[in-house]
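Peer 1: Between the sequences and the hints, there should be enough to build the whole structure, so can you do that?
Protein chains in written order, with the working numbering: chain A, 14 to 460; chain B, 14 to 460; chain C, 14 to 460.
It is possible that part of the hints are untrue.
The list treats identical chains as one, so a pair stands whether inside a single copy or across any two.
[Said to hold, decoys possible] Derived pair list, reagent style EDC-like, types lysine to aspartate or glutamate, alpha-carbon separation capped at 20 Å:
#, residue 1, residue 2
1, Lys403, Glu135
2, Lys295, Glu305
3, Lys229, Asp138
4, Lys387, Asp78
For the record, the hints were derived by calculation from the structure and aren't laboratory data.
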Amino acid sequence: MLLEGSWASQLDDRAIGEDIFALAAEIYPICRSITGDGVRETLRRLARHVEIIMHEVPTGTEVFDWTIPREWNIRDAYIKNARGEKVIDFANSNLHVMSYSVPVHRHMSASELKAHIYTLPEQPDLIPYRTSYYAENWGFCMTHRQFTALHDETYEVLIDSTLEEGSLTYGEYLHEGETEDEFLFSAHVCHPSLADDNCSGLALLSHLAKRLSKVKTRLSYRFLWAPGTIGAITWLARNEERARNIRHGLVMSCVGDGGGPMYKKSRRGTALIDRAMSHVFKQHWPDGVIQEFSPYGYDERQYCSPGFNLPVGLFQRSQFGTFPEYHTSADNLDFINAENLASSYRTISAVIDIVENNRCFRNTQPKCEPQLGKRGLYTAIGGDKDAPKKSMALLWVLNLSDGSHSLLDIAERADMSFAVIQDAARLLEERGLLVAAGRKAAQDPAG
Amino acid sequence: MLLEGSWASQLDDRAIGEDIFALAAEIYPICRSITGDGVRETLRRLARHVEIIMHEVPTGTEVFDWTIPREWNIRDAYIKNARGEKVIDFANSNLHVMSYSVPVHRHMSASELKAHIYTLPEQPDLIPYRTSYYAENWGFCMTHRQFTALHDETYEVLIDSTLEEGSLTYGEYLHEGETEDEFLFSAHVCHPSLADDNCSGLALLSHLAKRLSKVKTRLSYRFLWAPGTIGAITWLARNEERARNIRHGLVMSCVGDGGGPMYKKSRRGTALIDRAMSHVFKQHWPDGVIQEFSPYGYDERQYCSPGFNLPVGLFQRSQFGTFPEYHTSADNLDFINAENLASSYRTISAVIDIVENNRCFRNTQPKCEPQLGKRGLYTAIGGDKDAPKKSMALLWVLNLSDGSHSLLDIAERADMSFAVIQDAARLLEERGLLVAAGRKAAQDPAG
Amino acid sequence: MLLEGSWASQLDDRAIGEDIFALAAEIYPICRSITGDGVRETLRRLARHVEIIMHEVPTGTEVFDWTIPREWNIRDAYIKNARGEKVIDFANSNLHVMSYSVPVHRHMSASELKAHIYTLPEQPDLIPYRTSYYAENWGFCMTHRQFTALHDETYEVLIDSTLEEGSLTYGEYLHEGETEDEFLFSAHVCHPSLADDNCSGLALLSHLAKRLSKVKTRLSYRFLWAPGTIGAITWLARNEERARNIRHGLVMSCVGDGGGPMYKKSRRGTALIDRAMSHVFKQHWPDGVIQEFSPYGYDERQYCSPGFNLPVGLFQRSQFGTFPEYHTSADNLDFINAENLASSYRTISAVIDIVENNRCFRNTQPKCEPQLGKRGLYTAIGGDKDAPKKSMALLWVLNLSDGSHSLLDIAERADMSFAVIQDAARLLEERGLLVAAGRKAAQDPAG
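Peer 2: Structure representation (structure tokens):
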């Protein structure tokens with residue numbers, strides 16, 4: 014068992030939130046893309062907290078319908094005006110260069126240059142984030158104010174990048190539990206200086222992995238820090254059989270802002286992860302929104318493709334594409350904070366509590382109610398204001414523990430938190446009124 | 014396949030609406046009943062557009078629990094006052110005579126006459142529509158103003174009708190498709206000059222049959238223009254085995270007014286026709302009302318009797334019995350128009366598109382998403398404002414095409430129109446990303 | 014069959030309500046507890062109306078996880094002040110003594126006494142009802158005004174009770190029907206002078222049993238008047254096999270006040286009793302509230318324990334614990350009345366009509382509609398304002414009587430009262446259009 018009590022309830026919120034924020038801040042400046050040294054450097058920083066294995070997959074490797082692209086790296090980039098002043102400098106923001114831009118170093122007219130510039134006219138102070146992974150191109154992203162300040166003169170344009178044979182890099186950590194059944198956590202590592210999307214998720218998963226590495230668990234926990242789309246596809250192509258062990262999964266991104274939360278269900282829709290997330294939202298975060306699966310989003314798209322159909326959902330605070338800071342320079346370290354990261358962490362912890370501890374029991378005195386008083390059970394639950402709730406939890410667990418209702422089934426039907434139902438079950442098991450009846454009904458079948 | 018593109022979207026609404034209206038107007042003056050020359054004359058007019066076969070079933074023939082009644086015909090009818098003036102003249106409106114009135118020609122007092130007169134006191138300018146098929150009787154229908162204008166004098170009353178051995182007449186047209194699976198359309202032909210109920214349905218089905226007669230279809234399409242109740246019963250009694258081929262069916266009446274639309278589900282409730290109609294309403298006509306089955310209405314009562322339980326629903330604009338013009342002289346040619354008829358026609362066409370084309374596909378690259386860009390699929394869907402929707406349609410079709418989801422399943426889950434999903438499937442099939450996986454799951458089983 | 018017509022509709026509401034009220038009033042003054050002469054005296058009064066068998070189960074008998082406690086009886090109790098005046102007198106209200114108080118007769122200080130006094134500070138004129146069955150203790154209950162009037166003086170305290178070897182008493186009546194399938198009615202007999210909770214239920218069941226004793230029924234009807242919790246457990250322990258015959262059951266309490274009504278479903282949730290109660294509420298008492306099962310309440314807790322899981326629900330007017338009079342001296346004869354008791358009785362009668370008469374029929378003319386007119390069915394349902402409803406009932410019964418829909422299924426789908434549907438079925442059976450198709454689908458399987 015993972016923990017004697019409920020893990021979620023034991024968290025020191027402030028400390029964990031600050032740890033995650035610090036790590037997110039540390040990796041925020043690094044220029045990442047779907048390949049390259051930025052990813053490696055990021056993973057090295059994360060690996061100081063947990064023993065992440067870095068995998069390198071060579072350019073040209075076929076992964077299902079895709080091929081690992083050439084590796085992209087960038088040293089410098091700028092636009093200089095006729096007076097030799099840098100009007101745009103990569104050193105100021107790695108968003109200034111469109112990801113996967115091919116190298117360029119030329120003088121060109123403003124009009125030629127402008128055909129390669131991307132701005133956000135309606136958010137004139139923000140730099141957009143743009144990529145061109147699969148079409149050879151180069152480009153600069155800048156604020157619309159910078160764009161309108163360009164004159165009709167000749168500019169020196171430099172993108173000192175390389176696009177060469179190399180490899181795609183991803184990080185992986187496996188915490189082995191009592192069983193081979195796995196819980197997968199996955200975060201994309203390919204975005205440059207965007208704090209919420211997804212320094213937040215990368216850092217949160219690192220600290221979650223760190224904590225799990227120190228405890229005994231029933232499930233095994235697999236963590237992936239991989240480039241979006243191509244990274245998840247690569248892992249699935251290299252681990253096709255292993256993927257069948259995944260019983261629960263969460264893709265995590267944008268977990269540091271103050272919006273949401275939202276959970277998008279897996280393609281299955283009624284997987285245990287779907288029910289557990291719904292339960293945690295309902296009991297602890299009623300503002301949370303549960304969405305049905307759709308095939309657009311982050312890497313749940315790959316995990317939920319029909320050939321895998323894994324029970325993997327998406328957890329976010331603000332949903333991608335719906336907030337003004339999304340994919341702009343406003344998604345910076347001011348947009349996330351320790352408190353939000355801590356509440357995201359706590360939510361995931363509560364879900365782990367459920368999937369670790371959900372199981373079926375059998376009431377040893379199933380005919381009529383057992384006499385609770387003579388077993389000291391009324392005393393055991395105390396006389397405080399929570400006593401009536403705890404007493405109801407005892408009755409619910411006794412009534413439904415017929416071997417076919419899991420603790421989550423009971424929590425749902427009783428409309429009580431899993432932790433309270435689990436506490437009641439523990440107490441009843443101690444007093445001999447419950448015996449384990451297997452996990453069968455409490456688990457998702459293999460995919 | 015019926016059509017390469019979506020049929021509904023190719024309609025010239027104005028032209029088809031005007032054609033249907035013209036035909037409805039042509040048959041409007043004819044005095045119809047459940048038997049007689051009016052039905053024959055009506056079918057002859059309809060048969061100018063499509064090769065309708067006229068069936069004659071002799072009086073006395075037993076059809077399940079019923080018997081074909083004597084044939085009724087009428088030449089003239091009037092009420093003359095003491096001065097020999099016609100105060101009521103059948104030539105002015107065939108609603109003036111209660112259908113199946115036995116012949117009468119006598120002088121009688123106003124009080125004796127009044128016992129045979131039907132009016133609508135709350136709609137004093139309208140003539141009601143009345144019948145007495147199975148109880149021998151005679152009667153006149155008139156406006157309440159005409160009724161109150163009758164004096165205490167002797168009237169000459171004439172109904173020059175015959176009720177004799179003869180036959181019941183119904184029309185039938187079968188368009189043979191690739192399979193013996195049938196889509197049944199049925200409209201009642203027994204009402205006299207009532208435009209919406211049901212000249213509208215008779216004319217619409219004629220033009221629908223005409224159009225279908227010119228194209229290749231997968232399903233076979235059977236059209237019935239038959240007297241209400243006894244006509245449908247007669248057809249079922251004579252075609253008991255053939256009826257088992259009916260996979261989808263619609264009874265149509267009152268399809269030319271501006272109300273509704275409404276669809277009443279078949280007794281099965283979840284037949285493909287029920288889902289298809291619900292889908293079309295939701296996507297294209299959100300004001301439409303879907304009703305649960307009930308055993309009162311038009312001939313769906315017979316098709317959905319427990320011994321047949323066919324997947325046949327009812328499509329109407331305004332629902333029978335709920336509008337003030339219903340079964341009165343106000344249900345005239347002013348109450349229907351070409352535009353309404355065209356939108357009813359378009360709705361049915363959209364449903365035909367669904368049942369013709371609904372099937373299951375299998376994604377040939379089911380493991381992770383295929384790379385759409387390298388196949389030119391982003392280009393294929395264009396860059397217009399519909400591109401995001403079309404792109405989502407591609408993702409939905411790829412994600413759910415596991416051999417067990419039909420295109421309608423996908424359209425329902427994606428909350429997108431069937432046509433958009435079908436276009437996406439066609440594109441993916443062309444690019445080799447989809448292969449047909451049979452129709453099994455996409456069809457209703459035999460009844 | 015229980016009754017030719019609907020029983021519920023034949024009730025003389027006023028008379029039955031007054032009979033039940035009179036019996037409730039007669040037993041109201043008796044001091045009852047979970048054992049003792051009060052229970053016996055109560056059952057003797059009830060037994061004047063129907064032949065109740067009184068069972069005595071000795072102290073110390075083990076019943077599942079419980080043991081029959083010692084028998085408690087009380088003759089007198091008072092608190093006298095220093096002047097010898099009785100400030101509290103058991104003769105005024107048997108609520109003054111906490112049930113199962115051990116004997117005491119001493120002079121004591123006001124402060125020592127006060128540790129044994131229970132009041133309701135927020136309802137200062139009401140005496141609370143308290144018990145201490147399984148922890149040896151004694152106590153007085155009084156109004157808060159009486160409590161605050163106590164002075165700092167020495168009081169003489171008497172509780173002349175006995176707690177000795179004896180027995181637990183419960184009453185039982187079985188009306189044998191054509192089958193061994195049983196309908197269980199159960200009411201708790203352990204509360205002292207509380208009129209609604211549960212003199213109302215005890216009296217109602219007595220009159221219900223009396224009426225059933227005089228008619229032939231299909232089901233057998235078992236009535237239990239037993240102490241709460243321990244009484245139901247005792248009966249189940251002594252009748253474990255017999256309990257498997259229980260097909261439907263209702264626990265009844267608080268059936269005389271003007272609140273509610275409410276029905277709490279059995280643990281099964283979709284048992285016939287659950288559907289029948291829901292149907293009766295929806296059709297006849299739309300203010301009624303249907304609650305999902307929960308394992309707290311009255312003796313449905315025992316009947317619905319997982320080792321039995323019987324289809325037994327709870328019927329109440331005001332729900333326990335939710336009204337200010339609950340478990341106080343305000344739950345007196347003014348709180349209940351004949352009219353409320355009669356409407357509770359009528360509700361139960363309507364449910365009995367359903368479970369007695371629910372069955373499946375088969376339409377003998379299933380292909381198309383039979384011709385109702387030639388069988389005189391339109392005449393049979395009359396021409397009054399209910400004729401359209403009765404006509405619809407005929408159509409619904411004919412349409413759904415395919416051998417797999419019970420009359421309750423039909424009533425639910427048609428949204429018509431069971432009585433109307435049953436009348437239609439009777440008429441159709443008489444005319445040869447229906448034949449019985451067994452009860453299988455209309456019944457709950459054994460537990």
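Peer 1: The structure should be examined with respect to each hint, and the outcome stated for every one.
Peer 2: Cross-check of the supplied hints:
| no. | hint | result |
| --- | --- | --- |
| 1 | Lys403 <-> Glu135 | neither (54 Å within a copy, 26 Å between copies) |
| 2 | Lys295 <-> Glu305 | both (16 Å within a copy, 19 Å between copies) |
| 3 | Lys229 <-> Asp138 | neither (49 Å within a copy, 59 Å between copies) |
| 4 | Lys387 <-> Asp78 | between (66 Å within a copy, 10 Å between copies) |
When each numbered hint is compared with the structure, violations occur for hints 1 and 3.
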